[in-house]
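There are 2 protein chains.
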Amino acid sequence: MENFIDFEKLGELISTRNYRELRVKLAEMNEVNIALFIEELPVEKATVAFRTLPKGLAADVFANLSSDTQEYIIGSINDQELAVIVEDLFVDDAVDMLEELPASVVKRVLKNATPDTRALINQFLQYPENSAGSIMTAEFTDLRRNMTVEDAIKHIRRTGEDRETVYTCYVIDDRRILDGVVTVKDLLLSEDDCSIENIMNTNFVSVTTLEDREEVAKLFAKYDLLSIPVVDHEGRLVGIVTVDDAVDVMEQEATEDFEKMAAMIPSEKPYLKTGVFVLAKNRIMWLLVLMISGMITGSILGKYEAAFAAMPMLVTFIPMLTDTGGNAGSQSSTLVIRGMAVSEISTKDLVAVMWKELRVSMLVGIALSAVNFVRLVITYPGNELIALTVALSLFATVVIAKTIGGALPIIAKLFKADPAIMAAPLITTIVDAFSLIIYFSVAEKLLHL
Amino acid sequence: MENFIDFEKLGELISTRNYRELRVKLAEMNEVNIALFIEELPVEKATVAFRTLPKGLAADVFANLSSDTQEYIIGSINDQELAVIVEDLFVDDAVDMLEELPASVVKRVLKNATPDTRALINQFLQYPENSAGSIMTAEFTDLRRNMTVEDAIKHIRRTGEDRETVYTCYVIDDRRILDGVVTVKDLLLSEDDCSIENIMNTNFVSVTTLEDREEVAKLFAKYDLLSIPVVDHEGRLVGIVTVDDAVDVMEQEATEDFEKMAAMIPSEKPYLKTGVFVLAKNRIMWLLVLMISGMITGSILGKYEAAFAAMPMLVTFIPMLTDTGGNAGSQSSTLVIRGMAVSEISTKDLVAVMWKELRVSMLVGIALSAVNFVRLVITYPGNELIALTVALSLFATVVIAKTIGGALPIIAKLFKADPAIMAAPLITTIVDAFSLIIYFSVAEKLLHL
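So the sequence lines, in the order shown, correspond to chains A and B.
Per the UniProt record's numbering, residue 1 is the first one in the first sequence, and the count goes up by one each step.
Per the UniProt record's numbering, residue 1 is the first one in the second sequence, and the count goes up by one each step.
Everything labelled a hint here was simulated from the structure, so no lab data went into it.
Any given hint might turn out to be false.
Pairs count within a copy or across copies, as identical chains cannot be separated in the list.
[What the hints assert, rightly or not] List time: in silico DMTMM-like cross-link candidates among lysine to aspartate or glutamate, alpha-carbon distance up to 25 Å: (1) Lys273 - Asp60; (2) Lys218 - Glu28; (3) Lys348 - Glu251; (4) Lys273 - Asp224; (5) Lys185 - Glu161; (6) Lys348 - Glu39; (7) Lys185 - Asp244; (8) Lys107 - Glu234; (9) Lys111 - Asp60; (10) Lys222 - Asp232; (11) Lys9 - Glu100; (12) Lys348 - Glu12; (13) Lys222 - Glu139; (14) Lys185 - Glu150; (15) Lys222 - Glu129; (16) Lys273 - Asp349; (17) Lys348 - Glu268; (18) Lys185 - Glu28; (19) Lys154 - Glu197; (20) Lys260 - Glu214; (21) Lys55 - Glu12; (22) Lys269 - Glu253; (23) Lys222 - Glu100; (24) Lys9 - Asp232; (25) Lys222 - Glu87.
Extracted from the complex, chain A is given alone in its bound form (with noise of 0.2 Å):
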């Protein structure tokens, strides 16, 4: 189990100059705890510490690197030595690294590229952003039907050196059409003379290259698959997208919806890397929305002006009513958005995902306002009509949160619009508006005011 890493005699290696020794050590390491090590350096350091590593390392550490390091060694390396790099980075990884680089440096690096790399790479960077082309390798291992298992076999063990994944491999045709999939372990457990024609799975899942990328993670969640083929418009095969951008996709799109839920435009970088401007530019429009909101809800109880100038304490009990109500709603806005967001509900089920909220939130509602009843009639002893009120009203709010609460994001898709806008913050101040109304109108009825 290697995941500690001696950072301090590493970086001791370094100061003392002991390069043979840090080569050594490094050597031994895996890619991700070798940038680990380097990203944590100065940068001058980063760079003596990348330049020890093994040649077949050194691209495979690079693509671990966060893009101010990449940009850093890039310019503090020469030519050769970057096309070195250029060559050995998977095409997907090298146009992640590409899309974060600033125009001069991809220049440089595209320059240093072969003529073959350079096309692919280019290629890949017009794929929109999100879609499959643009999270898909195009080191992948393609087969023909007319071929042995042997013959297969061999040629694995020819090409599989820069290939990302081996163990899916793809039967195409003379017009690179993809006709079949085979296993490594298929061809593993089938004879030798064997034709691959026989044992490839021929009804496989595939998508196309302008497919959304979190829809190609739902298939890999779906379908426990290790890689996906990817084709163009007309069935051809041009990369395959691999589990492990997948699981990267599938946690990033949760990390989106969280930041959406919370009312902010997601960001592109991690919290701590973002800069303050940025994340306040995020998180204001939103808050601003939703103020002017709170201030519509704000004229409505000015209309009870009356109403609680003649009784101040109804006042006291409007947090814990519009609260209450708002986190009734969210609570169910919650659950409906996740469920879409993993394919468990559907527009399909607005009317069922409705009736279930309806009666859950009855059982809640009871449970809440019956507590609610007691505790005023204690404290506040002769008050029972407003112990009432608050009860009645903390019932119906609750009811219409959580019916709304469940409908708005089934709504808001069938609307083509992201559920996940109709999350706590919208749902609060919608909820508010509907709690204070009902609240004053009731006690308007039963306080006679």
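Let chain A serve as the given structure and place chain B on it in line with the hints.
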């Protein structure tokens, strides 16, 4: 691309009892889609359809069925058929199934398993929930260090049939201590006579049976693994976790966080399959806690009755003020909670986070209160002091909300509590109290109430 399933055609084959045709059609489909199809059928037909499946496929499909359907099918097949399925299931799938089934059914399943399988299943059932042991599988390929590449490939070809993944092989000694890891890629790219010892990777990542499954999933994301070895406290290899199970864990853990952050007790089953009473039970507890905290806020508000009795208009700004504070706070807490969940933020970043949130909140606060001030001056001419009161309170509220929102999740973690509870609902309730105190203190000063 076979994501489309012709349910109608297949259903027709069943109603017309055309089982031969059905068998052919199903055999062409993959297990996930067959399971989806069977789930759609009325239970009795589900068994009929299931029975038509070829022996090999039956277990794979069975593993993909819901526990309800599994239970029904087990109830309607004979012990012999059951025995076949149990033996064909991968141990981890069998265990997942048994954890859902009623004791009586579990007994019958175990009765029909071979002694070895039964022992293995029982052992797996003893690992704590959410531990690496509970999601690992016992079907892995083990090699010895003195084997040659040729031996190893032969070994895989002989035993690979019932291995869940053959792509990463584990090198163990006579005491089953894990010495190293060899990928099939390594094997294929090495000479036949080369010894395993020389190509195996000895600094591999491994986990113990009791490791939290969420930590295991993180290792997959961090190191781009296809499988990870699970060892007991003596370093003996007892099983492996495969990436497809890690993907499921990631999805479930994210869902749990969404639920916790919306003040709910995470539910075992998907929303649509969860009963009304369970849903209500999962939601009431937190709503009660928050409602009672809301009452405290109310009593704070009570102290200022004189103030808003004298100037009822002040009340109309309360919802806007408290909601904006709540939203601003939960934006910050959400980013920090998620940041910690994906290990981008750790407890040592507390000060960095607070300093960042302080600066962000200043920017956001200035923007919001400026807009608010202008709007109030326009709508309520002559009430500049009230406008100023609201604007100043809003600024202070946003700053406090964001600083608290950013800090509390980390502080919770410091006290070994789950950061996810410091999300929107609790933050809102806490911020409410602060914002109201600020609001009315400022009002009393500026408006001499």
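Hint check:
1. Taking the shortest alpha-carbon separations for Lys273 and Asp60, only the intra-copy value of 23 Å comes in at or below 25 Å, while the best inter-copy value is 45 Å.
2. For the homomeric pair Lys218 and Glu28, the shortest alpha-carbon distance between copies (22 Å) is at most 25 Å, but the shortest distance inside one copy (35 Å) is not.
3. In the homo-oligomer, the alpha carbons of Lys348 and Glu251 lie at most 25 Å apart only across protomers (23 Å), although the nearest pairing inside one protomer, at 27 Å, exceeds that limit.
4. Taking the closest pair of Cα atoms, Lys273 and Asp224 come within 25 Å of each other only across two copies (23 Å); inside a single copy the shortest separation is 33 Å, beyond that limit.
5. When the C-alpha separation of Lys185 and Glu161 is checked against a cutoff of 25 Å, the pair qualifies both within a copy, at 18 Å, and between copies, at 9 Å.
6. For the identical chains of this complex, Lys348 and Glu39 are inter-copy neighbours only, at 17 Å across copies versus 49 Å inside a copy, given an alpha-carbon limit of 25 Å.
7. In this assembly of identical chains, Lys185 and Asp244 lie within 25 Å of each other by CA distance both inside one copy and across copies; the values are 19 Å within and 16 Å between.
8. Proximity of Lys107 and Glu234 under a CA criterion of 25 Å is satisfied in neither setting, with 32 Å inside one chain copy and 53 Å between copies.
9. For a Cα distance limit of 25 Å, the shortest separation of Lys111 from Asp60 inside one copy, 21 Å, qualifies, whereas the shortest one across copies, 51 Å, does not.
10. Only within a single protomer do Lys222 and Asp232 lie at most 25 Å apart by alpha-carbon distance; the minimum there is 22 Å, versus 31 Å between protomers.
11. In this assembly of identical chains, the alpha carbons of Lys9 and Glu100 never lie at most 25 Å apart, being 32 Å within a copy and 50 Å across copies at closest.
12. Taking the closest pair of Cα atoms, Lys348 and Glu12 come within 25 Å of each other only across two copies (24 Å); inside a single copy the shortest separation is 63 Å, beyond that limit.
13. Within a single copy, Lys222 and Glu139 get their C-alpha atoms as close as 24 Å, and across copies as close as 21 Å, so both meet the 25 Å cut-off.
14. Taking CA atoms no more than 25 Å apart as the test, Lys185 paired with Glu150 passes in both settings, with 13 Å inside one copy and 16 Å between copies.
15. In this assembly of identical chains, the alpha carbons of Lys222 and Glu129 lie at most 25 Å apart whether taken from the same copy (23 Å) or from different copies (23 Å).
16. Taking identical chains as interchangeable, the C-alpha atoms of Lys273 and Asp349 lie at most 25 Å apart only when they sit on different chains, with a minimum of 12 Å there against 40 Å within one chain.
17. In this assembly of identical chains, the alpha carbons of Lys348 and Glu268 lie at most 25 Å apart only when taken from different copies (23 Å versus 33 Å within one copy).
18. Proximity of Lys185 to Glu28 under the C-alpha cut-off of 25 Å is restricted to the inter-copy arrangement: shortest distance 19 Å between copies versus 29 Å within a copy.
19. Taking the closest pair of Cα atoms, Lys154 and Glu197 come within 25 Å of each other both inside a single copy (17 Å) and across two copies (23 Å).
20. Both within a single protomer and between protomers do Lys260 and Glu214 lie at most 25 Å apart by alpha-carbon distance, with minima of 16 Å and 24 Å respectively.
21. For the identical chains of this complex, Lys55 and Glu12 are intra-copy neighbours only, at 23 Å inside a copy versus 61 Å across copies, given an alpha-carbon limit of 25 Å.
22. Proximity of Lys269 and Glu253 under a CA criterion of 25 Å is satisfied in both settings, with 13 Å inside one chain copy and 22 Å between copies.
23. In this assembly of identical chains, the alpha carbons of Lys222 and Glu100 lie at most 25 Å apart only when taken from different copies (20 Å versus 31 Å within one copy).
24. Proximity of Lys9 to Asp232 under the C-alpha cut-off of 25 Å is found in neither arrangement, the shortest distances being 50 Å within a copy and 30 Å between copies.
25. In this assembly of identical chains, Lys222 and Glu87 lie within 25 Å of each other by CA distance solely across copies; the values are 24 Å between and 34 Å within a copy.
Violated hints, listed in ascending order, are 8, 11 and 24; each of the other numbered hints is respected by the structure.
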